[in-house]
Amino acid sequence: MTRTKRIGLLSICILLTTVIFLMSGNTAHSSEVIRPDEYYFVFNGQQKKAGTEYEMKSREVLLHITAGTWEPNTEVKWVSSEPGVVTLESTAEGSNFVKMVRKGPGFSTITAVVKHENYTYTLSCLVKVNLEFDYQKTGMTTATTTNERILIIDNVDDPPKQIYLKYVDYTPEGETDPVTGGAVSASLVTWESDNESVVTVDETGKVKAVGGGSAQITVTSDTMSSNDKSLSISMRVVVAPSFTLAYDDIEGNKIVKHSGNSDKNFTPAEGVPSNFVIESNATYGTNLKWEVYDASNNKKLSPTSNKLNYSISENSQSVTFSNVKAGTYEIYAFANEKYSTNTNAPYAYMKIIVPIYLGDENIVMTVGDTYNIADNSNIPDIGIFEFYYEEAGGSNIAHVNHTTGVITARKKGKTTIRLVYKTSSNLYDNDSVFVGDKFINVTVIDGISLSATEAKLFTNGTLLLHATVTDPTVPIVWSSDAPNIAKVEDGLVTALRPGVAIITAQQTIQGVVKRARCEITVQQSVTNITVDPSEVNLAIGEYKTFHASISPKNLSGVRLKWKSSNDKVVKIIEENPLTVTVQGVSGGNAVLSAINEDNIVVGYSHITVRQPVTGIKLSDTNVTINLQAKSIQLRAIVYPENAQNKAIKWTSSNTQIARVNDNGLVTLLKPGEVTIIATSVDNPEVTALCNISIEIPVASVALDEKETTMYVGQSKRLTYTVLPVNASKNAVTWSSTNTRVATVDAAGRVTARQVGTTVIMLKSIDGGHTAYCTVNVRQIAEGIKFASPSIDLVTGQVHDLEYSLIPSNATDSHLVWESSDTKVAVVDDKGRITAKGAGVAFVIARTEAGGMSYVKVTVKEPVKGLLLNFSEKTIYVGETFDLKVSVTPSDASNLDVEWKSSNNNIITVSDKGQVKGVAAGTAIITCTTKDGGYTASCVVTVRQRLTSMELNYDEYRLSLKKSVTLSVMVDDEIITDQKFRWVSSNKSVASVNSKGKVTAHKIGFATITAYALDGSGAEASCEIEVVRPVTRIKFDKSYISMLVGEQKRIKVTVEPKNATYKDPIWIVSEEGIVIVDEDGYITALKEGTVTVMALAQDDSEKIAVCQVTVHKRVPATSIVLSDKKLVMVQGEQRTVKPVLNPINSNDTITWSTDNSSVASVNSKGKIKAKSTGRAYITAMTDSGKTATIEVTVIGLNVTNLVMEQYSRYTLVVEGATSRVTWDVANPKIAEVRNGQIISKARGTTTITATVNGRKLTCKLKVVKIK
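In the UniProt record's numbering, the protein residues as written are 1 to 1266.
Some hints could be false.
[Unchecked claim] Calculated cross-link-like contacts (lysine-lysine; reagent style DSS-like; alpha-carbon spacing at most 27 Å):
1) K1062 to K962
2) K161 to K208
3) K785 to K856
4) K1034 to K1102
5) K1034 to K1062
6) K412 to K438
7) K860 to K930
8) K873 to K48
9) K649 to K670
10) K300 to K264
11) K995 to K48
12) K1125 to K1255
13) K856 to K836
14) K1168 to K1259
15) K961 to K1057
16) K830 to K873
17) K823 to K856
18) K1048 to K1112
[As the list claims (entries may be wrong)] Restraint ranges, calculated between C-beta atoms of paired labels, are given here:
19) Q136 to G45: 28 to 34 Å
20) E597 to T408: 40 to 46 Å
21) N315 to F439: 40 to 46 Å
22) H606 to T521: 32 to 38 Å
23) D360 to S556: 44 to 50 Å
24) L665 to H547: 49 to 55 Å
25) Y388 to E597: 36 to 42 Å
26) Y388 to G252: 29 to 35 Å
27) P498 to D446: 34 to 40 Å
28) Y388 to N528: 50 to 56 Å
Hints listed in this document are in silico derivations from the structure and should not be mistaken for laboratory results.
For glycine and all other residues, C-beta sits at the position ideal for the given N, C-alpha and C.
Kindly generate the complete structure, drawing on both the sequences and the hints.
Rendered as structure tokens:
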């Protein structure tokens, strides 16, 4: 519901209530409404004025309205603007009383519509019902570092968490007992999450995690008053952060590491590369606070530190790390920017170890080259290593600088540099990380070199040569001096026939030819090998000899290497150069190879060793299975493992009960017994059996009763059904969850033992199907025992009888109640007695079993309250008045009361209630009934008559149509408890009402006089001048900067022009810095800043403000101009920048020129070139320091020129004092020499003169000779 609708409903409620009053025959006229001087509300005894706010601290509050005195014929109707916050219930105390019942959080305006005689009027107050989280029920904790309540969700996938609300439980100020609230429904409020990428919240307060981080949940009450007030509270929800690191280690293994929730005992991620990405559980990486520490020194690293870089994604859940130096690092992810490890909120943690990566460990350098180890590795500091050379004289080939880690190539050769890690460098946070020695192999060349300088090849063999060169961009030319022996192509050498060949690699760089050679020796070798026989089948233990034939046949000294591919199948017994004898060891296949190791030529023979089947083992041998399973898969294992033929033939002993396919899949057809047989195809005598028993399973069980009621000692049998009825095994078991309440035997007979509830469970042995019956055991009541045989009550009192049943565990407790005299007391069917009238009665209770007992009830009529004829009274010293008391009910047995004054020095009271004023002040008269101790009070104010008085103003300038309130003062204190008569000497100029409020009507003067009404005759006056007020005062500037001793004027404008007082009052915020006269002239006295104000002299309070800053004079000791000489063109402007010394000098500068016809200068130092010539511009400071700049204004004597062909004209640069350079845009049209133009062809071109870098142009047009 919108705010507007709520306001409208309240208005309608009040209007309808008023209409009801009018329809009852009464008429309300606003001009005749008679209202008590002051009505107020009373909330449970606490007084509140109309229009104030009251916080409802308990579930129910008794509210009434009073005006000190209350007429019995006054009627009140009550309205609550928000029944969702507070509802109203009528009471028996009267219409001016109402019971407020708390319903929900928010504000509600409680309105009392009062009807007294012929008049109606309304009063209202604002009632607040507070809103707070139920921290304990919600399961919240307090964040230690931020001291805020937080709700923690451990995992993003956790089910939603419910936030619970409650009313505030607290101890009010000045009270000792706490005020306790009750639960609030979440539907009465609006829920909102400030970051739905972390958590969402629905309309019932259920919070669902979306991603790691923290979000604020705000709860706002849906109900609000016409003042647009609502209640709002907030809490923080934290979703525990986590992240994952996935990477490939140096060996290529996939590693996945998950973060922990503590930085204690975490196993580090090792072998982490220098560039990696971690994926968080946050929707966006920036939802978390990330911190990275160097574990070796516990220093926090920035995202752009010299040890690593990392960036947090704003669009995904990732954090990217790059250029991570070797070392140990700790990565933290916090849910909130304010959180740390000291906050008892979850965080994510991971320790990583980045090993040392050297980059290229084999480098080739040319003499003079350098290689920086640090730049080409992830080493954070080269000082962590000590350097050694593996070869003597290695530093002469390549020298490493131990400070910078730069390797310098000195001369041709190879060397290895060993890097030994210094454990004292503390690169890692502990000694658990072992750093082995690192090696860098350096090859220094001075031209070109090959990977080999000599090699031996057999015919048809190949060798790939690699050339190491200084400049790889220059092509390499390969050649062979004997291409019929060995040829070469792109470094690949192929041996053709026996002999020797020289392979040459050549590179020409800037005319210098560089060569490298390799000598190749080619030898004849075997080209083909044939093994006989090429294929054979052997039995286990059988021997066989094989022969090898080689090509070419004329080779001598050839020795072949014989090898079996599987020695467990075929074993070599005897080996000769060209023959071999083998034996079959076990069943299987093997390849016999004859290998010429010179050029790797191979001959083969395939051997099969026969292995018979010796046994079969099935996956199952005895199976009991339900028909519903439909099938079962049998698997056969054939022995030995290397048997050649493992094929199995499957058969069923009864194909009507079960069938089996070629793969051992048994299909169940009907209940019965069947045998599945597995037979070896290789050895039919080898078989295996599986006996299968197929049964009909129990599908379900059911009890005929799901719940039954029994009495102690009773027995009954429970009946049941097992389905299907032809199930193979239909046996069941019985059990009771509470055998002390009821037991059950094997036949299902239940016996009730004692009062309570138990569950009887039926369970089938086959399948474990269950059914349940709840048994409620009860006990019949046989008699009643009352806690007391008699009770005393007062009229209207309600009393619940306390009694117990016999026996004590009886559950059937239905009783029949009756009263012997319903005029004295009545009783309901719950045993609740209500006292009706004075007398004695007997209340009787009977059980269903016939037991009976009674209680004697004595009822008395008590005092219920009292009222005084005054609740407030004001008198003067020496006066008296009578307080009268009315006791309710009037027929109460004891009507005696006692009177008491809170201060007898101010007022006294007699036993009859007569009050007398003794001295000025306030005291309370309290009347107390002797029966019940009921009290009523009257606040009495005693006043002293005035002797003298004055007004708060002796004279006052009052603007037209404005008002001012005058107050009567005695001893500089305003009198509020006396009434005065106010009189104006000229009502047409200024009038005054009964409260002292003066209103201006026209320009003029009037005297306002106040007369005391206490009989003292005191009076006081104020002279009122009615003026035309100032409507606006403004300055021409809001800020002025001055130097000490300087004077400036600030112009003030006062509107309107016909204001009575046009001259303002000048005010300076601090004396001694400046003075200002009545004309606005400000004189600076000393350094400082003040505010100068002009204030209207009337009561309009219009003001203008200007800030004035006075600076101390700092004289210049010198002045320097940005240029000493300037060359300018006519019409050009340029500003010269002066520099004062010291730089904080505040001298002003005066500019002047000695030749204004050539160049002028303004007050800002801007020079304007007017005509050709020379002028000197001078800048002078207040302290007399000067600087001069020479200005030369140049220009061509002609800027547009028309010439006939083959004529001459001389251009002159006027004002030029240095060399002039001349140029022509088109030499075909004209020539120019030292300013003399010689025209040639017809056309248009431009002549350019350059002087001191400045260019002057003349447009030239050459025409035909006339």
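The hints, checked one at a time:
no. : hint                     : result
1   : K1062 to K962            : holds, 19 Å
2   : K161 to K208             : holds, 7 Å
3   : K785 to K856             : holds, 14 Å
4   : K1034 to K1102           : holds, 9 Å
5   : K1034 to K1062           : holds, 12 Å
6   : K412 to K438             : holds, 23 Å
7   : K860 to K930             : holds, 16 Å
8   : K873 to K48              : holds, 19 Å
9   : K649 to K670             : holds, 23 Å
10  : K300 to K264             : holds, 18 Å
11  : K995 to K48              : holds, 24 Å
12  : K1125 to K1255           : holds, 17 Å
13  : K856 to K836             : holds, 15 Å
14  : K1168 to K1259           : holds, 24 Å
15  : K961 to K1057            : holds, 18 Å
16  : K830 to K873             : violated, 50 Å
17  : K823 to K856             : holds, 14 Å
18  : K1048 to K1112           : holds, 16 Å
19  : Q136 to G45: 28 to 34 Å  : holds, 32 Å
20  : E597 to T408: 40 to 46 Å : holds, 45 Å
21  : N315 to F439: 40 to 46 Å : holds, 44 Å
22  : H606 to T521: 32 to 38 Å : holds, 37 Å
23  : D360 to S556: 44 to 50 Å : holds, 49 Å
24  : L665 to H547: 49 to 55 Å : holds, 51 Å
25  : Y388 to E597: 36 to 42 Å : holds, 39 Å
26  : Y388 to G252: 29 to 35 Å : holds, 30 Å
27  : P498 to D446: 34 to 40 Å : holds, 35 Å
28  : Y388 to N528: 50 to 56 Å : holds, 53 Å
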